[in-house]
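> Chains as they are written, first to last, in our numbering: chain A, 1 to 127; chain L, 128 to 595.
Think of the hints as simulated: they come from the structure by calculation, not from any bench. Even glycine gets a Cβ: it sits at the ideal position worked out from N, Cα and C. Some hints here could point you the wrong way.
Rough simulated footprint, nothing fancy, chain L against chain A, three-plus residues with beta-carbon under 8 Å [as the list claims (entries may be wrong)]:
| id | region |
| --- | --- |
| 1 | 2-14 |
| 2 | 35-48 |
Below, simulated DSS-like cross-link-like pairs (lysine-lysine); rule was C-alpha separation at most 27 Å, straight line [as the list claims (entries may be wrong)]:
| id | chain 1 | residue 1 | chain 2 | residue 2 |
| --- | --- | --- | --- | --- |
| 3 | A | K119 | A | K74 |
| 4 | L | K408 | A | K19 |
| 5 | L | K408 | A | K119 |
| 6 | L | K436 | L | K357 |
| 7 | A | K3 | A | K19 |
| 8 | A | K121 | A | K3 |
| 9 | A | K46 | A | K19 |
| 10 | L | K398 | A | K121 |
| 11 | A | K74 | A | K46 |
| 12 | A | K19 | L | K398 |
| 13 | A | K74 | A | K41 |
| 14 | A | K119 | L | K398 |
| 15 | A | K41 | A | K119 |
| 16 | L | K452 | L | K436 |
| 17 | L | K398 | L | K408 |
| 18 | L | K408 | A | K121 |
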Amino acid sequence: MAKRILVVDDDPDLREATKVILSGAGYEVSLADSAADARRKLADEKIDLILLDVMMETETEGFHLAYEIRRDSKLADIPIVILTCIEEKTGEVLEPEKAGDYLPVQAFLRKPLDPDALKEKIAELLP
Amino acid sequence: MTQAQTTTSRTPHVPHRASRAAVMIARVSWLVKLRWALVVCLAAAGGVSWFALESQDAAWRTWPLAALVAAYNLATWSALRWLGGRPLAGAEEHTIARLTNAQIAMDLIVLTAAMYMTGGAANPLVVVMVFLLAISASLLPARDAYRQVILAAVLYTGLTVAEPMLAATVGQPGSIREWPLGIRIFRASTVVAVMFLVVYFTNAILARLRRINNRLTDANRQLAALDLTKSRFLRISSHQLRGPLVAIYSLLSAIREAGGLTDTQSQLMRKIQAREQDVMKQLDEMMLLSTVKESAVETTRTGPVELRKVLDEALGAYSDEVRQKDIELTVDAENGIWVSAWQDALEIVFEHLISNAVKYTRPGGSVAIKVRKSPATAEIEISDTGIGISPDQQERVFREFYRGTNAQQIAGGTGLGLSIVKAIVERLAGQIALESAPGEGTTVSFSLPLSDASRNAPDAQPEKTAPR
Chain A
1 MAKRILVVDD DPDLREATKV ILSGAGYEVS LADSAADARR KLADEKIDLI
51 LLDVMMETET EGFHLAYEIR RDSKLADIPI VILTCIEEKT GEVLEPEKAG
101 DYLPVQAFLR KPLDPDALKE KIAELLP
Chain L
128 MTQAQTTTSR TPHVPHRASR AAVMIARVSW LVKLRWALVV CLAAAGGVSW
178 FALESQDAAW RTWPLAALVA AYNLATWSAL RWLGGRPLAG AEEHTIARLT
228 NAQIAMDLIV LTAAMYMTGG AANPLVVVMV FLLAISASLL PARDAYRQVI
278 LAAVLYTGLT VAEPMLAATV GQPGSIREWP LGIRIFRAST VVAVMFLVVY
328 FTNAILARLR RINNRLTDAN RQLAALDLTK SRFLRISSHQ LRGPLVAIYS
378 LLSAIREAGG LTDTQSQLMR KIQAREQDVM KQLDEMMLLS TVKESAVETT
428 RTGPVELRKV LDEALGAYSD EVRQKDIELT VDAENGIWVS AWQDALEIVF
478 EHLISNAVKY TRPGGSVAIK VRKSPATAEI EISDTGIGIS PDQQERVFRE
528 FYRGTNAQQI AGGTGLGLSI VKAIVERLAG QIALESAPGE GTTVSFSLPL
578 SDASRNAPDA QPEKTAPR
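Go ahead and model the full structure; you've got the sequences and the hints to work with.
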């Protein structure tokens, strides 16, 4: 059965582009435009992997969602891939890789996504 | 012979709000030092009289005078030390002013006495009095300075008038004390007029200088504010532009992934994306630069960072290129050198400098990186045997968007790398310098303050580990 990936990003074009890329690789794709929307999708569908954009409406929306998911026993095992951008390097946003707290995600990918790198990483996390 | 030249930058001076009192104390201290010289002169004058002129009288007069001056100079000096040691508030300014007034009044009295004892009103020491009045005009408010002039006028005129009536001391026949009273007073009043004029002009000049200084300070502050506004604008625009660019790039990727493109279309698509990546890189650099300059970067992220670790990571990114270009890379850096910084910033600095070194060195060349520890700083040097920078361009390479002609011939670039590096280094309270000779190579060296752990325990590991 095809794995279902949830793409959480507030930019509609990015959602669409990522969907095309992932569908082409044989995955089912669900889309969410915010943390709230993501929670709804997670409750309604069976998601196998989450692609989470870290910079959404607020700077910390992505993180909070990741923590929430990890604390939820039903969702705790879903692999999460965080999509980061340059702002972290400039010190504006706390870079998750180097966060003092342990942020339990499986991988970090920088935007804009390289399709091959993305597919490779997902294949690694969803054997 | 090689024409290596050095350009250096200094850490931008952040002026502290020195209280006026502290400034006054500094200036009055100078006066105290001068007075020690006066003590020496008086003592010497006495000595000369005693030994050379065989006149013990004069010696017995100048030496006590010297002692008196020494005494109140010592008192003044101690008072200043005491005041300087305390946290300064508004009241101190008043105290210092009074102290200065008292000193100068004493000086004037002592000078008059010295003149009396060594030739009277004809004594050239009156020049010292005028000089002292000029100094007081710079140290004291105008009102006080004029009061000192009045005191000096009274003293000098008094001396002129009273001279012949006082016991004769060292005087020469034919000296002015033998002139008629009226003429002596006229002469004194000329001198007094000079005293007033000196104080008046000194005040006028200083007032004008102060006004100009204030205007400059204001202009400076405005410029700093404008620079900040510009940086902020740049950062926000870059950030806004990046979003759509990322979307465009991803949509293009999606088109390619969706398939069905002809070879030509595919190729053109790749080129579009390559150009887009250049734009995004440029934006990233601009955003980086303005963020560093904007001082809004969280300083809570500053902590001890180990240089060697960051260096190794940065080198990792370029190991392929180094191998491909057959560049000999030597790294001479100890472990355990910790600086106070935020890690990303250091990574960026190393990445840019290493990237430059590798990019502008021809295949077969070499790049050497040295990290050393000095008592308070870590010294880092990255040198290459690359194309170098011509002397007249070395000054400008740190400027934004500037690319040297040599560099332009080799590869593309944003022109922001070195300005970012400089901004970060200076932000971390370090200094950066560059040496280069065209055709021979370039060395960029910068220093960073050691973190406390590194400074106190030179070879020990600090307690906290860097956040990673």
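> Indicate, hint by hint, whether the structure satisfies it.
So, going through the hints one by one against the coordinates:
1. 2-14: holds (count 3)
2. 35-48: violated (count 0)
3. A:K119 x A:K74: 25 Å, holds
4. L:K408 x A:K19: Cα-Cα ~25 Å, so holds.
5. L:K408 x A:K119: Roughly 24 Å separates the two Cα atoms, so the pair holds.
6. L:K436 x L:K357: 34 Å, violated
7. A:K3 x A:K19: Holds, at roughly 13 Å.
8. A:K121 x A:K3: This hinted pair holds, its Cα atoms lying about 14 Å apart.
9. A:K46 x A:K19: 17 Å, holds
10. L:K398 x A:K121: Satisfied, since the Cα-Cα distance of roughly 25 Å is no more than 27 Å.
11. A:K74 x A:K46: 10 Å, holds
12. A:K19 x L:K398: 23 Å, holds
13. A:K74 x A:K41: Holds, because 13 Å separates the two Cα atoms, which is no more than 27 Å.
14. A:K119 x L:K398: Distance ~22 Å between K119 (chain A) and K398 (chain L) Cα, so the pair holds.
15. A:K41 x A:K119: Within the cut-off at roughly 22 Å; holds.
16. L:K452 x L:K436: 24 Å, holds
17. L:K398 x L:K408: 15 Å, holds
18. L:K408 x A:K121: The given pair, whose Cα atoms are some 24 Å apart, holds under the 27 Å limit.
The structure shown violates the earlier hints numbered 2 and 6.
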